[in-house]
Structures are given as C-alpha cells and as structure tokens.
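Student: Sequence:
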Amino acid sequence: MLILQRTMMEEQTQKKEWFDEWFNTIYYHILYKNRSYEEAGKFLDKLIHYFEMPKDAKILDLACGKGRHSIYLNNRGFDVTGVDLSEQNIAFARQKANDSLHFHIHDMREVFQPATFDYVFNLFTSFGYFDSKEENLDVIRATCESLKPGGKLLIDFLNPYVVINQLVSEEDKTIDNIHFKITREHTKDDYIVKNIEVDDHGQHFEYMEKVKAIRRTDFLNYFDQIGLKLLDIFGDYQLNPYINDQSERLIFVIQKPA
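Note that the UniProt record's numbering has the sequence shown beginning at 1, numbered continuously upward.
Think of the hints as simulated: they come from the structure by calculation, not from any bench. One thing to keep in mind: the hints can contain errors.
[Said to hold, decoys possible] Straight-line Cα separation of at most 25 Å, BS3-like style, residue types lysine-lysine; simulated pairs: (1) Lys42 <-> Lys55; (2) Lys46 <-> Lys229; (3) Lys42 <-> Lys58; (4) Lys194 <-> Lys173; (5) Lys210 <-> Lys194; (6) Lys96 <-> Lys42; (7) Lys58 <-> Lys148; (8) Lys46 <-> Lys96; (9) Lys148 <-> Lys46; (10) Lys55 <-> Lys148; (11) Lys210 <-> Lys181; (12) Lys133 <-> Lys194; (13) Lys55 <-> Lys96; (14) Lys58 <-> Lys229; (15) Lys181 <-> Lys194; (16) Lys58 <-> Lys96; (17) Lys229 <-> Lys148; (18) Lys188 <-> Lys210; (19) Lys33 <-> Lys96; (20) Lys210 <-> Lys33; (21) Lys133 <-> Lys210; (22) Lys173 <-> Lys33; (23) Lys33 <-> Lys46; (24) Lys194 <-> Lys33; (25) Lys181 <-> Lys33; (26) Lys173 <-> Lys210; (27) Lys229 <-> Lys133; (28) Lys46 <-> Lys58; (29) Lys188 <-> Lys133.
Since the model is a prediction, treat every value here as computed from it, not as a measurement.
Starting from the given sequences, assemble the full structure and let the hints guide the process.
Tutor: Set out below in structure tokens:
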C-alpha cells in the first residue's frame with residue numbers, strides 16, 4: 001500500500017505543469033515586482049478609449065495574476081472578474097474584492113460563465129503555455145464561449161520575431177537579497193524557455209517559464225478555425241500598428257459573431 005501511494009504521488013508530481021509550480025511561488029512575484037503599474041494603467045486607459053467601453057460593461061481578466069489589471073479596471077468603474085490558475089494569486093487578489101470585483105481559480109482551457117462578458121482581456125503574455133496547438137485552440141474556444149454575442153477579446157502576446165532575435169542568453173539579478181540566475185533559449189520545437197535558478201540564503205530552487213513562439217499567422221489560423229472576426233492588430237501598448245520585425249508586442253482584437 002505504501003509503495004502504491006508513493007507511485008501515485010510521483011505520477012501527480014510528474015503531471016504537474018510548470019506554470020502550476022512557478023506562478024504559485026513567492027519568487028515569481030519577487031522577480032517581477034518592478035513591472036510598471038504606470039505603463040499598465042496607461043495601456044488600460046487606451047483600451048477603454050479604443051473600445052468606447054460603456055460603464056455597465058462586464059470584463060473578464062483571463063489569467064489575472066494578482067489582479068493588478070482587474071483592480072485598475074474596477075477603479076475605473078467597471079464590473080470585473082479575474083480568473084487565474086494560481087491559488088496564491090487568487091488568494092492575494094481577493095483581498096481587494098468587492099461587489100463589482102470578483103476573483104476565481106480557473107483553468108483557461110475550460111469555459112468560465114458562458115455568454116456573460118462584453119470583453120475578455122488576456123494580458124502580458126498569458127498565453128502559449130501549453131504543449132499542443134489543440135490546447136491553445138481550447139483556450140480561445142473556451143474564452144469565446146465566455147463572451148456575449150458580439151463581445152470582444154484582446155490577446156496581448158510577445159512578438160516572437162523580436163524576442164528571439166534579441167534573446168539575452170544569460171542574466172543575473174539580486175532582488176531583496178535573493179539571487180536569480182536566468183538562462184534563456186529558443187528551442188528546436190519553437191518554444192522560448194527561461195530557466196530560473198534561485199539562491200535564497202543558501203536554499204536553492206529551480207523553475208522554468210516556457211512559452212510557445214506563436215506567430216501572427218498561427219493566431220490568425222486559430223481565429224479562423226473558431227469563426228472569430230479579426231478587428232485589429234497592434235504592436236505596442238500605445239496601440240501603434242504591428243510591424244513583424246520591429247514591434248515590441250503582438251496584440252490582437254477579435255470579435256465573437258453576434
């Protein structure tokens with residue numbers, strides 16, 4: 001019986017995906033704690049203006065992390081729901097919850113509250129984590145199901161052309177007296193992989209980030225398969241046009257059929 005229990009535990013550990021582990025650690029938030037809240041706010045302000053969002057709009061923040069975008073949008077007066085796979089992220093975000101700001105643990109590959117939202121925002125490269133095209137399609141299909149007819153989805157992704165061409169292979173950072181050694185590579189199977197070694201006062205941990213280098217044409221194929229309408233492609237947070245070998249970001253605006 002003991003051997004069987006150990007085998008089951010080992011199988012569960014092996015099945016655990018990298019984002020289940022990394023996003024639930026304190027080190028993820030320490031490493032990225034200097035992300036620009038000011039830049040995020042300016043981007044969201046531009047989106048509110050671009051979409052001409054009415055005050056009664058319902059917004060889903062897909063893969064919301066600790067909820068910084070959800071909280072900002074709610075402060076602007078919108079009804080917002082943030083979902084994320086990380087229990088720790090949601091526990092933290094729920095400290096800011098109110099009658100028009102809600103947070104839930106959720107796997108983006110599954111449908112969340114069908115036909116409920118006017119807008120879904122998937123921000124800061126919270127896509128491409130999975131091992132198959134089918135799972136990427138599952139995310140977009142499930143997200144589409146969460147939208148009301150005519151609702152709009154925004155996907156904010158990295159620009160793989162620029163990231164791969166400018167990839168920094170090694171980097172060392174010390175934050176709050178914790179040392180991070182980061183190595184990056186573009187793999188043969190077209191993933192951008194970041195390996196993170198953490199030295200926390202003598203304790204050593206290793207984590208990984210892995211994002212598929214999904215190109216513009218791949219995304220367009222996904223949208224076409226699901227029957228979504230492409231409205232715009234932007235290349236940065238100022239909503240300038242996308243240029244494949246220059247733009248910082250790859251940002252899509254898609255609409256669900258009415």
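Student: For each hint, tell me whether it holds in the structure or not.
Tutor: Hint check:
{"no.": "1", "hint": "Lys42 <-> Lys55", "result": "holds (18 Å)"}
{"no.": "2", "hint": "Lys46 <-> Lys229", "result": "holds (21 Å)"}
{"no.": "3", "hint": "Lys42 <-> Lys58", "result": "holds (20 Å)"}
{"no.": "4", "hint": "Lys194 <-> Lys173", "result": "holds (14 Å)"}
{"no.": "5", "hint": "Lys210 <-> Lys194", "result": "holds (6 Å)"}
{"no.": "6", "hint": "Lys96 <-> Lys42", "result": "holds (21 Å)"}
{"no.": "7", "hint": "Lys58 <-> Lys148", "result": "holds (10 Å)"}
{"no.": "8", "hint": "Lys46 <-> Lys96", "result": "holds (23 Å)"}
{"no.": "9", "hint": "Lys148 <-> Lys46", "result": "holds (22 Å)"}
{"no.": "10", "hint": "Lys55 <-> Lys148", "result": "holds (16 Å)"}
{"no.": "11", "hint": "Lys210 <-> Lys181", "result": "holds (16 Å)"}
{"no.": "12", "hint": "Lys133 <-> Lys194", "result": "holds (20 Å)"}
{"no.": "13", "hint": "Lys55 <-> Lys96", "result": "holds (20 Å)"}
{"no.": "14", "hint": "Lys58 <-> Lys229", "result": "holds (20 Å)"}
{"no.": "15", "hint": "Lys181 <-> Lys194", "result": "holds (10 Å)"}
{"no.": "16", "hint": "Lys58 <-> Lys96", "result": "holds (18 Å)"}
{"no.": "17", "hint": "Lys229 <-> Lys148", "result": "holds (14 Å)"}
{"no.": "18", "hint": "Lys188 <-> Lys210", "result": "holds (13 Å)"}
{"no.": "19", "hint": "Lys33 <-> Lys96", "result": "holds (18 Å)"}
{"no.": "20", "hint": "Lys210 <-> Lys33", "result": "holds (20 Å)"}
{"no.": "21", "hint": "Lys133 <-> Lys210", "result": "holds (14 Å)"}
{"no.": "22", "hint": "Lys173 <-> Lys33", "result": "holds (13 Å)"}
{"no.": "23", "hint": "Lys33 <-> Lys46", "result": "holds (23 Å)"}
{"no.": "24", "hint": "Lys194 <-> Lys33", "result": "holds (17 Å)"}
{"no.": "25", "hint": "Lys181 <-> Lys33", "result": "holds (16 Å)"}
{"no.": "26", "hint": "Lys173 <-> Lys210", "result": "holds (20 Å)"}
{"no.": "27", "hint": "Lys229 <-> Lys133", "result": "holds (20 Å)"}
{"no.": "28", "hint": "Lys46 <-> Lys58", "result": "holds (17 Å)"}
{"no.": "29", "hint": "Lys188 <-> Lys133", "result": "holds (16 Å)"}
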